[in-house]
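> The residues making up each chain are set out below.
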Amino acid sequence: MPDVRLQAIDVCKTFGVIKAVQNVSIDFYKGEVHGLIGENGSGKSTLMHTLTGIFSSDSGRFILDGKEVHVKNQVEANKEGISIIVQELGTLSGLTVAENIFLGHEDRFVKFGIKNTNAMVKEADELLKKYGFERIHAADMIDRYNFEDRKLIEIVKSTYFSPKVVVIDETTTALSQEGREELYKHMKRIKEEGNTVIFISHDLSEVLSKCDRVSVLRDGVYIDTVNAADVTEDDLKKLMVGRELGEHYYREDYGEKISDEVVLTVRNVTVPGIIHDVSFELHKGEILGFGGLSECGMHELGKAVFGASYDREGSVTLADGTEIDSIIKAIKHSIAYASKDRDNESIVINESIGDNICLPSLDELGGSAHVLIDKKLKEFAEKQAKEMNVKMVDTEQFVSELSGGNKQKVVLARWIGKNSDIIVLDSPTRGIDVKVKADIYALMDEMRKNGKSIIMISEEIMELIGMCDRIIIMKDGRNSGEELLRNPELTENDLIAKMV
Amino acid sequence: MAGGDTSKNEALSIETNALKRAVLASRIRAILPVIGLVAISLIFNILSAGKLLAPSNIKLLMSQVYVTMIAATGVFFIMTMGGLDFSQGSILGVAALVFCFLSKYNVPIAILGGILAGACIGAVNGFFYVKRKVKSFVVTICTMFLFRGAIEFATTNAPVQGDIVKTVALNNDRLKITITLIVLVVAFFFFRFTKFGKYLKAIGAGEKAAAFSGVETDKMKFWVYVLSGAITGLAAFINVIKVGSVTANSGSQLETRIMIALVIGGMPISGGSKVRFENVVVGSLLYIILSAGLVALGLTPAMQQLIEGVVFLIVVAITSDRNSVQVVK
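Protein chains in written order, with our numbering: chain A, 141 to 640; chain B, 41 to 369.
Next up, chain A with everything else stripped away, as it sits in the complex (with noise of 0.2 Å):
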């Protein structure tokens, strides 16, 4: 029996009427990279926050090599040996990199009451060295730097004092490869001085390859830890859905014929800075995907066809030559748009599911008189949120309190409500796990089916292979002109050659 790290021991955590947490004991050992798995709202970050002091827990205790930890926020943590590198942004704008990485242990650099900002750039200079981020310069302003430096400087943050528990809470994603290796190399240091990392992550191989131990929950429930090397992919996700996953998990049809119908056309759309000079045509019934670098402009793409870009040249028809130009225009027109921005774009964040589902089709629901009924929007509320499966206790439930799957869910049930015909997907399944993922696809090919036509803007290379009818890569903003077929041929490395 290896030597027991940290314990948790029947933690709970409620949100209100949500019980995201119940009654999770997990052991960690010293000396493992331990993985965290469940699908979206499965309590895993909430567990992690929990330990950490981001949020209290209601019960249950932490023990840290023998001893009770309780602590009240990160600063805490980190002195009884605990950090996080949490899903989000979790470094502060408007500081620079050395006060970030010495945020809340500034005191050692106090002397007489002054802070010694020399040396305390010159020690962040000097660890960022040792990490092997030279290029990242202890005394700039942290804003300088984009997303995926801001990551790297946390790690240096969260491990540069040998914590011995590092929680790294789906950090991955955000990340390219190269900072990915980084990542890894400092989890397996961290897991060779004997401590513990704990992971966090919705990419089994990757968590199969890095993870010694893997521990499932499920809505917030403890179900099982397994030996890492003893089982596959397949095993881990029948752990966090409870249930065999069909095989049917994109569409499976090939070499059907597009329809020769254009429904939209996209003409020489340039927003300064972000897309030059775009143009393409959507046909009915098809799924034409845009693929590419997150930098690449797709996702302002997205916008520009549903009137939501500020300064759009350039024009988008419809197939009986209206112009969208504005994002009621569109709406009107039946354009429907989910934004990658879930929670500032796509849904109000601090509103009902029933609300949110309404918001764009009270137009319809007022009818000729342009009265709401309460009574009607409820019914039209439940029936769409039934449709897309939306776990809820009710749709007075607000949106804010669900999981990012759920979310999304929502988000596509006003717009089917809406019955739209055009349907802009910008990352339709970011942040979500696999049994949502795979209704998300479900109703996609449905809609398809069904003569709608769909946009899919996605970073994830596999479900544009797995989805679409068309595939159009964007680089530095223009249409790089190459234009993928569906195919079961199609691999993962045509498409990064040309993104590339």
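Some clues are possibly wrong.
Said to hold, decoys possible - Straight-line distance between alpha carbons at most 30 Å, and here's what the computed DSBU-like set of lysine-lysine pairs gives:
1. B/K259 / A/K480
2. B/K206 / A/K531
3. B/K175 / B/K259
4. B/K144 / B/K206
Unchecked claim - Calculated Cβ distances over 10 Å to all of chain A for the following chain B residues:
5. L93
6. M102
7. F141
8. V170
9. Q201
10. K241
11. A250
12. S253
13. V255
14. S313
15. L339
16. Q345
It should be emphasised that the hints constitute simulated quantities derived from the structure, not laboratory data.
These numbers were taken from a predicted model, which means no experiment stands behind them.
Every residue, glycine too, gets a C-beta built ideally from N, C-alpha and C.
Position chain B against the provided structure of chain A, taking the given hints into account.
Just chain B now, with coordinates in the frame of chain A:
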């Protein structure tokens, strides 16, 4: 599997209980202002030995409610969107001046003139807020100051009076009640049963997402400021027929009164989806009873203001939702 089923049922019943508690909590939250209204009325009535709710005093109380309640309706719309308006007092003063001036020619035109004057100041607020992207409280503090200056200038020599004969003839409760009721009913209808209200709430709850759902947010924001100014312009008419003249202080601190009224009426200060139209009515009544009660107890105006300020602070501190980090726009 029997054991598993029981634990599942147990979990379910815990869940339903928690849900019931949450529903109950939100219901209590919703009726708390009403309970407060009844409680405060009774307490002050007892403390003042029945003077507060004596028939003659109720008439006096009501005469103070109208202006606050009408003007609060417009501000209610603004605050639902997550905005604020500190210029209400100055709008009332300017609109009253315009009314007095025009009433020498024709009263209906004078009323329209007052409404228009209010709408114009609202448009100024809306322009700087929407087009110039200045925070609403900054814009409206500026216009409050600016138009207060204009009122003081116009009343330098003497209070401005309208046509005394025509305006005094209008000073009757039936007219005031009718106007107040019409404003409330129309506002209630549009807020509750048309997309106007839903859109306002959506803007307050998440402006960008509202825009992406087809709400013309900028247009709404601008016109709601215009509307609120116009409504206060109408309230100015009621104020003039009651008071008879405009002084340098006319309408002063109306904005604070409205804001206290709405907040103690249960309105979340950052607006959004939890606002209810009842907040306007209950809040205005609660505020008037509170201040009249303090008068009935024989407190000086300075003491009244102090106590009202403390009450305001306490209510805001208790009711503000610390979990949702929202910024007043």
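> Verify this label for me: B/A250 is non-interface relative to chain A, using a Cβ-Cβ cutoff of 10 Å.
6 Å, violated
> Quickly compare the C-alpha distance for B/K175 and B/K259 to 30 Å and report which way the hint goes.
With a Cα-Cα distance of about 16 Å, the restraint between B/K175 and B/K259 holds, given a limit of 30 Å.
> Is the claim that B/V255 lies outside the interface with chain A correct, judged by CB distances over 10 Å?
Its Cβ does come within 10 Å of chain A, the nearest being 8 Å, so this is violated.
> Classify the label on B/S313 as holds or violated, using whether its beta-carbon is more than 10 Å from each beta-carbon of chain A.
4 Å, violated
> If we take the beta carbon of B/M102, is the closest beta carbon in chain A still more than 10 Å away?
Holds: least Cβ distance 31 Å, greater than 10 Å.
> Given the proposed pairing of B/K259 with A/K480, does the C-alpha separation stay at or below 30 Å?
26 Å, holds
> Holds or violated: are the alpha carbons of B/K144 and B/K206 at most 30 Å from each other?
Status holds; Cα separation ~8 Å.
> For B/S253, is the shortest beta carbon distance to chain A beyond 10 Å?
5 Å, violated
> Is the nearest CB of chain A more than 10 Å from the CB of B/L339?
Correct as stated: the minimum Cβ-Cβ distance to chain A is 39 Å, above 10 Å.
> Grab the minimum beta-carbon distance between B/L93 and chain A and tell me whether it stays above 10 Å.
Non-interface label stands for B/L93: nearest chain A Cβ at 35 Å, farther than 10 Å.
> May I ask you to check that B/Q345 keeps its beta-carbon over 10 Å from the closest beta-carbon of chain A?
33 Å, holds
> Does B/Q201 really sit off the interface, with its C-beta more than 10 Å from all C-beta atoms of chain A?
44 Å, holds
The structure fails to meet hints 2, 10, 11, 12, 13, 14 from the earlier list, while all remaining hints are met.
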